[in-house]
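Build out the structure end to end from the sequences listed, making use of the hints.
For the sequence shown, the numbering used here assigns the number 773 to the last residue and increments by one with no breaks.
What the hints contain is simulated information worked out from the structure, not anything from laboratory work. Some clues are possibly wrong.
With a cut-off of at most 25 Å between alpha-carbon atoms, the simulated BS3-like pairs for lysine-lysine come out as follows [as the list claims (entries may be wrong)]:
#1 Lys-521 with Lys-554
#2 Lys-694 with Lys-735
#3 Lys-386 with Lys-735
#4 Lys-552 with Lys-683
#5 Lys-550 with Lys-679
#6 Lys-386 with Lys-610
#7 Lys-697 with Lys-657
#8 Lys-604 with Lys-386
#9 Lys-576 with Lys-610
#10 Lys-576 with Lys-697
#11 Lys-528 with Lys-550
#12 Lys-773 with Lys-694
#13 Lys-503 with Lys-733
#14 Lys-554 with Lys-503
#15 Lys-552 with Lys-679
#16 Lys-550 with Lys-604
#17 Lys-735 with Lys-773
#18 Lys-694 with Lys-771
#19 Lys-697 with Lys-552
#20 Lys-552 with Lys-576
#21 Lys-773 with Lys-386
#22 Lys-697 with Lys-733
#23 Lys-528 with Lys-610
#24 Lys-773 with Lys-657
#25 Lys-528 with Lys-554
#26 Lys-610 with Lys-552
#27 Lys-552 with Lys-604
#28 Lys-632 with Lys-683
#29 Lys-697 with Lys-386
#30 Lys-528 with Lys-604
#31 Lys-550 with Lys-521
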Amino acid sequence: MKKDQSRIIREQAPRSATREHSVPLYLTSSFIFDSAEQGRAIFAEEEEGMVYSRYANPNTTEFINRVCTLEQAEAGLAFSSGMAAVFASFAAFIENGDHIVSSRAIFGSTHQLLTQLFPKWGISYTYVHSSNIEEWEKAIQPNTKIVFLESPSNPGLELYDLEALGKLKEKHPHIIFSIDNCFATPYLQKPLKYGFDLAIHSATKYMDGQGRVLGGVIAGKQELINKLMFFIRHTGPAMSPFNAWILSKSLETLGLRMDRHCSNALALAETLEKHPEIEQVKYPFLPSHPQYELAKKQMKAGGGIVTFDVKGGKERAFRFIDALEMIRYTSNLGDSRTIATHPATTTHAKLKEEERVSLGINPGTIRLSVGLEDQEDIIGDILQALEKSK
Numbered sequence: 384m385k386k387d388q389s390r391i392i393r394e395q396a397p398r399s400a401t402r403e404h405s406v407p408l409y410l411t412s413s414f415i416f417d418s419a420e421q422g423r424a425i426f427a428e429e430e431e432g433m434v435y436s437r438y439a440n441p442n443t444t445e446f447i448n449r450v451c452t453l454e455q456a457e458a459g460l461a462f463s464s465g466m467a468a469v470f471a472s473f474a475a476f477i478e479n480g481d482h483i484v485s486s487r488a489i490f491g492s493t494h495q496l497l498t499q500l501f502p503k504w505g506i507s508y509t510y511v512h513s514s515n516i517e518e519w520e521k522a523i524q525p526n527t528k529i530v531f532l533e534s535p536s537n538p539g540l541e542l543y544d545l546e547a548l549g550k551l552k553e554k555h556p557h558i559i560f561s562i563d564n565c566f567a568t569p570y571l572q573k574p575l576k577y578g579f580d581l582a583i584h585s586a587t588k589y590m591d592g593q594g595r596v597l598g599g600v601i602a603g604k605q606e607l608i609n610k611l612m613f614f615i616r617h618t619g620p621a622m623s624p625f626n627a628w629i630l631s632k633s634l635e636t637l638g639l640r641m642d643r644h645c646s647n648a649l650a651l652a653e654t655l656e657k658h659p660e661i662e663q664v665k666y667p668f669l670p671s672h673p674q675y676e677l678a679k680k681q682m683k684a685g686g687g688i689v690t691f692d693v694k695g696g697k698e699r700a701f702r703f704i705d706a707l708e709m710i711r712y713t714s715n716l717g718d719s720r721t722i723a724t725h726p727a728t729t730t731h732a733k734l735k736e737e738e739r740v741s742l743g744i745n746p747g748t749i750r751l752s753v754g755l756e757d758q759e760d761i762i763g764d765i766l767q768a769l770e771k772s773k
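Structure representation (structure tokens):
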């Protein structure tokens with residue numbers, strides 16, 4: 384089997400003695416040893432076997448294996464949330480005196496890690512504001528331990544050249560290159576093939592796809608995953624078996640759902656770009672996007688997020704949101720239902736105004752997570768809300 388859809392569906396946990404067709408839910412905190420000797424051997428890592436669901440569980444293992452299949456990764460680990468995964472991707476490797484290089488366009492909570500928490504532990508950082516690879520290389524210092532980025536970014540949909548960064552990784556093999564691949568998903572973009580060490584996801588988003596459970600996952604090189612395993616065994620950000628079971632089943636339809644998210648999002652972006660009440664529209668697969676050619680090079684499609692600015696600033700944006708009828712207002716994304724968010728007062732509210740503006744988050748900016756409803760209904764709701772909010 385060569386295609387993602389076939390491989391992901393057929394990647395399953397081993398069947399039990401009951402010969403079930405669908406993988407059961409393993410709601411157990413621990414696992415029984417057949418003998419005292421087996422318990423000793425498993426703890427001594429002389430024999431493989433599950434011990435405790437904080438370490439591993441058949442459901443989390445199946446979910447991880449499916450993500451690794453999609454990301455073409457050697458190994459992976461599941462976490463209780465996307466931010467638990469992001470935090471672990473740093474904390475498992477950094478020490479006092481280390482330095483991190485990061486894209487400036489990152490999620491608000493990741494920004495808080497770099498600017499508020501890590502400096503208290505003697506960890507410094509440098510933000511890169513450009514996709515120019517020379518700027519990235521210039522930011523690297525002798526004590527740089529990690530290079531981190533989001534592509535596409537949240538919510539500005541900025542892209543970074545993964546192939547160029549992979550070549551930079553070749554020049555600095557001792558530095559860990561990691562990427563938040565949440566917006567693209569491994570269905571649309573595979574960073575590890577360009578040389579990245581780790582790919583990180585908030586599984587809460589498109590991997591679930593229905594706004595039900597929290598989860599995070601990291602896929603990448605076996606050597607780094609081993610170090611991450613030590614970290615999470617002793618800090619405890621484990622994914623629950625139930626959430627893993629939900630997420631694993633959801634992955635079977637990830638490709639089908641992303642195709643629909645992307646086609647709906649592109650149609651909406653094309654419509655909004657022509658609307659007189661819209662100042663600007665950002666979508667990677669719009670020819671007007673400044674990185675359109677790069678998007679086509681490294682992404683299968685443009686994703687399910689459309690970001691646009693309504694004329695009239697925050698007051699107009701609020702009136703627009705309140706005028707929506709079918710579309711709901713919440714801070715999540717990647718749902719089967721279309722979701723509107725006002726980043727300046729929610730997901731990125733903790734940033735200073737000048738920081739938000741530098742990321743393209745203006746008072747009138749709306750982030751729309753385009754769902755799986757009929758295209759005409761999504762566009763119709765947006766158009767009527769724009770008319771009512773004048």
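The hints, checked one at a time:
Simply put, Lys-521 and Lys-554 have alpha-carbon atoms about 13 Å apart, close enough for the 25 Å limit, and the pair holds. A threshold of 25 Å between alpha carbons decides the hint, and for Lys-694 with Lys-735 the separation of about 22 Å falls inside it, so the pair holds. At roughly 45 Å between alpha-carbon atoms, Lys-386 and Lys-735 are farther apart than 25 Å, so this suggested pair is violated. Under the criterion of a C-alpha separation no larger than 25 Å, the hint pairing Lys-552 with Lys-683 is consistent with the structure, at around 23 Å.
Of the pairs offered as hints, the one joining Lys-550 and Lys-679 holds, with about 19 Å between alpha carbons and a cut-off of 25 Å not exceeded. For the proposed pair Lys-386 and Lys-610, the alpha carbon gap of about 31 Å is over 25 Å, so the pair is violated. Proximity of Lys-697 to Lys-657 is assessed by CA-CA distance (about 21 Å); at most 25 Å being required, the pair is judged to hold. Proposed proximity of Lys-604 and Lys-386 is supported: the alpha carbons are some 22 Å apart, at most 25 Å.
Proposed proximity of Lys-576 and Lys-610 is supported: the alpha carbons are some 21 Å apart, at most 25 Å. For the suggested pair Lys-576 and Lys-697, the alpha carbons sit about 41 Å apart, so the restraint of at most 25 Å is broken. For the hint pairing Lys-528 with Lys-550, the CA-to-CA distance comes to about 17 Å; that is within 25 Å, so the pair holds. Between Lys-773 and Lys-694 the CA atoms are separated by roughly 9 Å; this keeps the pair inside 25 Å, and the hint holds.
In summary, the hint linking Lys-503 to Lys-733 is supported, as the alpha carbons are separated by about 19 Å, within the 25 Å threshold. Distance check on the hinted pair: Lys-554 and Lys-503 sit about 30 Å apart at the alpha-carbon level, beyond 25 Å; violated. Pair hint Lys-552 plus Lys-679 holds up; C-alpha atoms about 22 Å apart against a cutoff of 25 Å. A C-alpha spacing of about 17 Å is found between Lys-550 and Lys-604, which places the hinted pair at or below 25 Å, so the restraint holds.
Pair hint Lys-735 plus Lys-773 does not hold up; C-alpha atoms about 28 Å apart against a cutoff of 25 Å. Of the pairs offered as hints, the one joining Lys-694 and Lys-771 holds, with about 13 Å between alpha carbons and a cut-off of 25 Å not exceeded. For a cut-off of 25 Å, the pair hint linking Lys-697 to Lys-552 is broken: about 41 Å separates their Cα positions. Only pairs whose Cα atoms come within 25 Å are accepted, and Lys-552 paired with Lys-576 is accepted, the gap being roughly 12 Å.
Restraint check: the Cα-Cα separation between Lys-773 and Lys-386 comes to about 48 Å, which exceeds 25 Å; the hinted pair is violated. Using a Cα cut-off of 25 Å, the hinted pair Lys-697 and Lys-733 holds, with the two alpha carbons roughly 16 Å apart. With a C-alpha separation of about 14 Å, the suggested pair Lys-528 and Lys-610 falls inside the 25 Å cut-off, and the hint holds. Proximity of Lys-773 to Lys-657 is assessed by CA-CA distance (about 17 Å); at most 25 Å being required, the pair is judged to hold.
About 14 Å separates the Cα atoms of Lys-528 and Lys-554, which keeps this hinted pair within 25 Å; it holds. Distance restraint check for Lys-610 and Lys-552: the Cα-Cα separation of roughly 20 Å lies within the 25 Å cut-off, and the hinted pair is therefore satisfied. For the suggested pair Lys-552 and Lys-604, the alpha carbons sit about 14 Å apart, so the restraint of at most 25 Å is met. Among the hinted pairs, Lys-632 with Lys-683 is consistent with the structure: their alpha-carbon atoms are about 23 Å apart, no more than 25 Å.
With a CA separation close to 45 Å, the supplied pair Lys-697 and Lys-386 exceeds the 25 Å bound. For a cut-off of 25 Å, the pair hint linking Lys-528 to Lys-604 stands: about 16 Å separates their Cα positions. Using a Cα cut-off of 25 Å, the hinted pair Lys-550 and Lys-521 holds, with the two alpha carbons roughly 15 Å apart.
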